[in-house]
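*Asks:* With the hints as extra help, turn the sequences into a complete structure.
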Amino acid sequence: MSAEPLLEVRDLKVSFRTEDGVIPAVDGVSLSLSEGETLGIVGESGSGKSVTMMSVMRLINDPNAHFEGEVVYKGRDLMKLTRDQIREIRGSGIAMIFQDPMTSLNPVYRIGWQIAEQIRAHEPISKQAAHARAIELLTAVGIPHAAQRVNDYPHQFSGGMRQRVMIAMAISCHPDILIADEPTTALDVTIQAQILSLIRKLRDDFGTAVVLITHDMGVVADLADRIAVMYAGRIVEQGDRRDVFYDAQHPYTWGLLGSIARLDRPKPRRLSTIPGLPPSLLRLPEGCAFGPRCAHRFDRCDERPALLAKVGEGHLDACHLDIERKKELRETTIHPELIEEAK
Amino acid sequence: MTGSAGPPAADLPADGSPSATSSAATATSPVTAAATSGANGEGMLDGELLLRAEHVTKYFPVRKGVLLQREVARVHAVDDVSIELRAGETLGLVGESGCGKSTLARCIARLYPLTSGTVVFEGQDISRLSRRKLRPVRRELQMVFQDPYASLNPRKRVGAIISNPLRIHRRGNRKQIKQRVAELLELVGLSPEHINRYPHEFSGGQRQRIGVARALALRPRLIIADEPVSALDVSIRAQVINLLDDLQDELHLTYIFIAHDLGVVRHVSDRIAVMYLGKIVEVSPGEELYKRPIHPYTEALLSAVPIPDPDLATERQQIVLEGDVPSPITPPSGCRFHPRCRYATEICTQQEPPLVEHGTGGHLAACHHPLDGGAAAE
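Here the protein sequences come in this chain order: A and B.
Quick note on this note's numbering: the first sequence kicks off at 1 and runs consecutively.
Quick note on this note's numbering: the second sequence kicks off at 344 and runs consecutively.
FYI, nobody ran anything at the bench for these hints, they're computed from the structure.
Only a predicted model underlies this, so the values are computations on that prediction, with no experimental measurement involved.
One or more of the hints may lead you astray.
What the hints assert, rightly or not - Derived Cβ-Cβ restraints for the label pairs, each shown as a range:
(1) A/R17 - B/D592: 42 to 52 Å
(2) A/T103 - B/L410: 30 to 40 Å
(3) A/A65 - B/L410: 45 to 55 Å
(4) B/H543 - A/F298: 28 to 38 Å
C-beta atoms are modelled at their ideal positions from N, C-alpha and C, and glycine is treated no differently.
*Replies:* The structure is reproduced here in structure tokens:
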């Protein structure tokens with residue numbers, strides 16, 4: 001990266017004390033985000049992708065949570081700020097939208113009121129002005145008849161429209177960074193396409209940097225500039241979009257790419273899957289956490305692989321396999337249908 | 344009841360009439376029905392007609408007022424839908440939320456009473472059967488639900504959840520039921536040791552497997568899976584789809600597979616029906632739909648599926664449908680898709696297009712401006 005990154009996460013560790021032991025939900029994650037850049041964080045449920053970003057926003061208040069590492073935003077370490085200071089940054093500096101827009105909105109207040117309230121928390125403007133801004137914002141995110149709909153309650157909106165309202169709230173104070181945590185997972189594919197194109201438009205219009213958290217590689221394919229793949233609390237691969245899609249280095253990334261039912265390809269006889277389940281964080285295997293599910297595991301995998309740039313600058317991966325060997329193995333995992341067809 | 348004295352459930356075919364007789368001992372009339380359906384079932388080969396739904400319509404009343412509960416409007420959830428299902432095939436049912444696909448499935452399973460229309464299952468009209476007479480039918484026709492977090496009782500152990508249908512239908516004694524549960528767990532790829540665990544101890548994908556095991560308990564012939572993988576991670580989705588695929592081969596099941604995503608149903612479906620606002624707008628043999636979509640709505644649905652390839656994703660012209668599905672209380676006039684359709688003209692607002700055959704391969708669509716250039720048989 002050329003310029004100073006806008007947000008930098010350095011060796012973040014988040015663990016939770018529970019009755020059964022300490023759960024290392026995030027184990028040494030480092031990320032950076034430049035101005036106007038879109039970063040996709042991909043991984044299965046429980047891989048720590050949401051916890052990482054919730055920690056950045058300091059949204060985890062659990063007394064049993066333990067944090068280590070630095071989160072530097074515009075030269076300040078967010079982990080060291082007081083509650084009032086972090087409050088100022090939330091919304092106006094970094095904003096976040098969540099997976100389920102119904103639980104994120106208060107069901108007993110009108111949409112307009114909820115948007116106006118949050119604007120007034122950050123800016124000294126009158127109620128009328130805030131209300132007018134709310135209408136503007138709803139129009140900007142594509143809600144028809146915004147002037148009337150602003151007085152509706154959340155239950156009068158459809159799922160896609162609620163997510164638009166969340167986005168309107170998130171951009172109301174012109175944040176530098178928008179964190180979208182599985183923004184389309186609860187939505188239909190058609191509405192997913194709408195929301196993604198809205199996020200793209202906002203990013204292009206306002207130059208907002210976006211962190212897009214998802215479990216679906218398809219979602220980040222044409223939106224993210226860079227992609228980080230997480231597994232069991234660690235980043236296992238990170239790189240430019242093209243690198244991760246066309247030159248994937250980690251067998252877990254192959255698995256993610258291979259398990260999508262693709263419409264642009266001939267139909268495979270069988271979908272390829274990642275066998276097994278993500279490991280319990282309480283009993284992480286020694287060495288590579290993906291080892292037990294990996295088809296290409298060998299002796300060295302008992303030793304934990306470090307996240308290193310082996311194939312090129314900015315393209316990091318944590319896998320012991322030989323680079324040349326990977327090229328052979330990869331195709332059979334990601335594109336079995338193409339190989340099937342060639343036969 | 345003679346249930347406990349009846350033959351063991353574990354080695355009895357699901358449609359075997361002896362146990363149907365025993366469990367329906369109190370009601371005499373369904374015995375004949377069950378027996379005939381059993382006879383059909385034994386001899387029925389793949390490809391024979393298993394289910395025919397004709398002009399199925401389901402309206403939900405919208406009521407107002409405290410005392411009188413006046414009906415002020417109707418939600419047209421399913422409007423005059425006819426489909427056929429052959430033994431051994433999988434019908435994919437696709438559409439956005441609110442298009443009526445789940446309602447249609449529930450009408451077919453008779454979880455809802457129909458407003459009008461008939462459902463003929465294994466040669467028997469089940470659309471007007473009473474609860475009691477439905478029981479033997481239910482054995483043959485089971486559902487798997489979308490949300491594995493909501494469809495399993497959190498306070499029951501897995502063993503109790505899966506054995507519940509067996510106990511309700513009196514399939515064997517305790518020991519036999521326990522053995523059958525262990526079998527079922529193994530069948531869906533879980534360990535029989537999990538029998539005493541609670542649902543919260545499982546991941547989403549495993550929970551969906553439990554839901555599948557429960558549906559399979561009575562050895563049904565038809566399984567209606569209502570968005571079985573929509574709530575799951577992509578990587579787990581493929582596992583569950585493969586499981587359903589294997590079970591179909593192994594147990595000769597017939598599926599109705601509901602999804603909002605054309606990518607998901609492609610893999611499992613022999614035929615696909617696309618629904619929009621209570622109507623079927625296109626029916627096609629599986630691959631044909633992807634190669635040659637006819638209805639503009641199908642085209643838009645196909646285009647909405649993300650492609651995990653940056654170059655192709657940037658290259659393609661994605662059709663982003665504006666807005667949401669209109670209210671089914673007052674569906675648009677003419678073609679119901681016309682307000683969101685990019686090809687819509689005058690005629691689309693006035694006349695409802697009929698579902699007609701395009702070509703010869705059983706590819707039907709209801710559109711005034713079909714994408715194949717109007718090769719419709721007049």
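*Asks:* All hints are to be evaluated individually against the structure, with a verdict given for each.
*Replies:* Right, here's what the structure says about each hint:
1. A/R17 - B/D592: 42 to 52 Å: holds, 47 Å
2. A/T103 - B/L410: 30 to 40 Å: Roughly 35 Å apart at Cβ, these two residues keep to the hinted range, so it holds.
3. A/A65 - B/L410: 45 to 55 Å: holds, 53 Å
4. B/H543 - A/F298: 28 to 38 Å: Given about 36 Å between the Cβ atoms, the range holds.
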